[in-house]
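So the sequences go chain by chain: A and B. Take the first sequence: its letter number 8 is residue 8 in the working numbering, and every next letter is one higher. Take the second sequence: its letter number 130 is residue 130 in the working numbering, and every next letter is one higher.
Hints were generated in silico from the structure; no laboratory data involved. C-beta: ideal position from N, C-alpha, C; glycine also. A couple of the hints might just be wrong.
Selected chain A positions facing chain B (in silico; Cβ < 8 Å) [as the list claims (entries may be wrong)]:
no., residue
1, Y10
2, W13
3, Y15
4, L33
5, V34
6, N55
7, P88
8, L92
9, M124
10, Q236
11, L262
12, I287
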Amino acid sequence: MKKKSKVVSYNKWGYIFLIPFVVVYLVFQMIPLVSTVYNSFFENYRSGLTQIGPNFVGLKNYITIITNGDLPTYFKNTMIMWVMGFVPQIVLSLLLGAWFTDPSLKLKAQGFFKTVIYMPNLIMASAFSMLFFTLFANSGPINSLLIQLGIFKEAYQFMSHVWSVRSLVAFMNCVMWFGNTTILLMAGMMGIDPSLFEAAQVDGATATQIFYKITLPLLKPILIFVMITSLIGGLQMFDVPQILTNGTGDPVRSSMTLIMYLNKHLFSKNYGLAGALSVFMFIITGILSLIVFKFTASPEKK
Amino acid sequence: MAANTSLMAGQKENGVSITARRIIAYVILILVSFLCLFWFYVLFINSTRSHQELSAGFTAIPSSHFFENWINLKNGTLPLFNGIFNSLFVAVVTAALATYFSTMTAYAIHAYDFKLKKVMFTFILMIMMIPAQVTALGFLQLIDKMGLDDSFTPLTIPAIASPAVFFYMKQYMDSTLPLSLIEAARIDGSGEFRTFNQIVVPLMKPAIAVQAIFSFVGSWNNYFTPALVLHTDTKKTLPILIAQLRAADWLKFDMGQVYVMIAFSIFPVIIVYLLLSRYIVGGVTLGGVKG
């Protein structure tokens with residue numbers, strides 16, 4: 001009996017050690033979350049010097065944000081740039097991951113290559129996009145290089161064409177994230193039972209067959225995990241297009257993302273619409289997170 | 001390709017195709033490495049060239065104006081030193097708070113049995129994916145009311161609740177921290193808090209190091225929240241200053257200075273990374289996917 005009461009007295013420390021997390025979470029994330037939702041039901045903005053609201057307007061902000069045509073456009077922009085960056089990224093990562101983990105290939109200098117491909121992930125996205133902006137400017141090094149090589153006669157205006165801006169954003173996202181994806185996929189590939197590969201090799205399967213028939217199907221859970229976390233990251237796309245286009249998403253707002261739109265509302269203190277937009281983002285992220293949660297949490301129950 | 005060719009022949013054919021595959025792999029890896037490093041190279045070259053040289057066109061050879069550019073930037077209008085100092089301060093404090101308190105949270109779940117244990121664990125995992133952007137509105141209003149607007153507090157203190165760091169720490173504890181060790185410390189009369197600080201934290205050093213780097217880099221690179229919170233020029237962090245550079249009439253700028261500024265915001269992280277890359281790449285694997 002005495003022993004048992006002592007165990008209980010230790011276990012109260014579990015609660016004590018949780019205090020900092022819980023307090024900080026409640027204050028800095030829970031309260032903001034609730035007040036964001038609360039704000040989304042009010043008309044609250046500045047028109048010139050006069051403050052409109054806060055007046056309760058129910059779901060009007062949600063209706064405005066969905067029907068005024070901006071949200072679908074920005075959602076589409078975000079998705080286009082995400083897909084354009086994600087597809088080459090996953091192909092490249094699968095390829096590199098398969099090579100790095102293939103024991104029969106015995107690649108040399110693996111440490112060097114792994115170090116190099118992860119490097120872009122650590123760069124300040126704002127510095128990287130500022131760098132790209134200066135490199136791809138009309139009088140920038142890339143244009144002068146292309147002219148020197150005789151590929152173009154005159155400077156190509158990368159910043160004034162819809163698809164060149166989108167491609168630059170997608171390209172930067174791809175370069176910044178493929179190293180991270182490769183490492184995640186590698187970890188998944190190393191978890192596959194090597195006897196399966198050996199058995200396939202004994203049966204005379206080619207490397208391509210092994211990749212498509214064994215590696216890919218067994219990698220499916222991790223591929224889904226990578227895809228959805230990347231999608232969540234893609235929805236949050238902000239720094240790169242914001243700085244590349246100076247916050248305008250030009251040309252003709254074709255590279256404006258959802259968070260850039262939110263940022264605009266926050267700066268102009270248009271709290272009603274910002275709230276509705278945040279709730280919209282929260283719901284999408286929530287649904288996607290639940291799917292990820294299923295993939296990360298299921299092994300825990302074993 | 002007949003199924004019943006001799007083993008020797010089969011092996012030989014296999015050997016040839018492996019050499020070919022190896023060559024393809026190396027070629028692609030070299031191309032990919034080039035794609036990753038080219039930008040750093042151009043940045044390095046351009047930061048050593050003067051404005052006149054930069055407008056004359058691209059060359060692959062570094063010039064000699066690096067220190068000149070640096071001095072011009074230093075004496076210019078941008079509060080560069082403040083920016084570096086602010087970024088460093090915020091990133092170091094964030095890394096320290098995030099790792100220490102996440103270890104503490106993970107320890108609470110790992111070492112003790114209490115009623116809400118499972119609930120808390122599930123809850124923290126669930127909130128892991130909520131992006132900071134969706135609560136930004138309420139967050140800004142809150143810090144306004146608390147009088148914390150334009151200060152470093154809202155950029156550092158919230159790091160105490162970092163679900164992703166917690167998750168990593170919990171994973172690491174599951175594989176390396178035996179409960180018997182804690183029992184032994186208890187028998188030797190160590191208090192719970194002391195056990196945590198003097199036994200658990202030192203044992204967690206490798207995990208703390210990895211997560212400290214990630215938190216540091218994450219905070220150093222963060223643009224969204226600081227841009228909304230900080231207003232005074234001397235309080236701004238590097239990403240905001242870079243964004244200002246972009247918003248300014250940059251054509252009138254000395255481009256040599258622009259490149260040096262970008263270099264200074266990127267290279268510290270790269271140097272730290274190159275020194276610690278072994279741990280970082282391993283750390284991503286360790287925490288990213290459950291084994």
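Going through the hints against the structure:
A cut of 8 Å between beta carbons decides the hint on Y10 (chain A): the least distance to chain B is about 7 Å, and the hint holds. With 8 Å as the threshold, the beta carbon of W13 (chain A) comes within range of chain B, its nearest partner Cβ sitting at about 4 Å, so the hint holds. Look at Y15 (chain A): its Cβ gets to within about 6 Å of chain B, closer than 8 Å, so that hint holds up. Hint status for L33 (chain A): holds, given a least beta-carbon distance of 5 Å to chain B, under 8 Å.
Interface restraint check for V34 (chain A): the shortest CB-CB distance to chain B comes to about 7 Å, inside 8 Å, so the restraint holds. Checking N55 (chain A) against chain B: minimum C-beta separation of about 17 Å lies over 8 Å; hint violated. With 8 Å as the threshold, the beta carbon of P88 (chain A) stays out of range of chain B, its nearest partner Cβ sitting at about 11 Å, so the hint is violated. With its C-beta approaching chain B no nearer than about 7 Å, L92 (chain A) sits inside the 8 Å limit, and its interface hint holds.
Because the beta carbon of M124 (chain A) sits about 4 Å from the nearest beta carbon in chain B, less than 8 Å, this interface hint is met. The interface hint given for Q236 (chain A) holds, since its Cβ lies 5 Å from the closest Cβ of chain B, which is under the 8 Å cut-off. Because the closest C-beta pair between L262 (chain A) and chain B is about 6 Å apart, less than 8 Å, the hint holds. The restraint placing I287 (chain A) at the interface with chain B is violated, with a minimum CB-CB distance near 10 Å, outside the 8 Å limit.
Hint compliance for this structure: hints 6, 7, 12 are broken, all remaining hints hold.
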